[in-house]
Amino acid sequence: MGVIATIFGILGTFLLFNFLFALLYTLSKKAGNGFYRWITHDLEFLMILSAPLFGLTQLVASSLYERFNWFVARVLLFLYAILVFVLAIVCFIAFGHFADMQ
Numbered sequence: 015m016g017v018i019a020t021i022f023g024i025l026g027t028f029l030l031f032n033f034l035f036a037l038l039y040t041l042s043k044k045a046g047n048g049f050y051r052w053i054t055h056d057l058e059f060l061m062i063l064s065a066p067l068f069g070l071t072q073l074v075a076s077s078l079y080e081r082f083n084w085f086v087a088r089v090l091l092f093l094y095a096i097l098v099f100v101l102a103i104v105c106f107i108a109f110g111h112f113a114d115m116q
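The numbering of the sequence shown is the working numbering, which starts it at 15 and goes up by one.
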């Protein structure tokens, strides 16, 4: 059960980082892209290492900003941030549940 608790804890942490990154993208597309470029320095191995922390939001935000205008993209990104936050809460609840079972 300790392994399952650890998996849920790590997944919740990754989702929390994605939530914060989604809020940054909600403020500005340029700020989100600039932060992601600063984290990865346009190096492939850093993009792979940072994928669990920021990759999901980077993929969603870039596709939303390419497909929709800025207002609709920000509204959808805000809804995405709410979904990621709820999933993070569920993962942390599951983490607490499985950690108490030991």
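Incorrect hints may appear among the rest.
[Said to hold, decoys possible] Here are the in silico distance ranges between beta carbons for each label pair: (1) Val100 <-> Leu60: 37 to 47 Å; (2) Leu101 <-> Phe49: 38 to 48 Å; (3) Leu73 <-> Ile21: 37 to 47 Å; (4) Phe85 <-> Val17: 37 to 47 Å; (5) Ile96 <-> Ala65: 34 to 44 Å; (6) Trp52 <-> Ile107: 17 to 27 Å; (7) Gly48 <-> Thr27: 20 to 30 Å; (8) Asp114 <-> Glu58: 22 to 32 Å.
Derived by calculation from the structure, the hints in this document are not laboratory data. Given the structure is predicted, the values throughout are model-derived calculations rather than measurements. In this text, a Cβ means the ideal position worked out from N, Cα and C, and glycines have one as well.
Now the hints, each set against the structure:
| no. | hint | in the structure |
| --- | --- | --- |
| 1 | Val100 <-> Leu60: 37 to 47 Å | 29 Å, violated |
| 2 | Leu101 <-> Phe49: 38 to 48 Å | 22 Å, violated |
| 3 | Leu73 <-> Ile21: 37 to 47 Å | 22 Å, violated |
| 4 | Phe85 <-> Val17: 37 to 47 Å | 44 Å, holds |
| 5 | Ile96 <-> Ala65: 34 to 44 Å | 22 Å, violated |
| 6 | Trp52 <-> Ile107: 17 to 27 Å | 33 Å, violated |
| 7 | Gly48 <-> Thr27: 20 to 30 Å | 23 Å, holds |
| 8 | Asp114 <-> Glu58: 22 to 32 Å | 41 Å, violated |
Of the hints listed earlier, those the structure fails to meet are numbers 1, 2, 3, 5, 6 and 8, in rising order.
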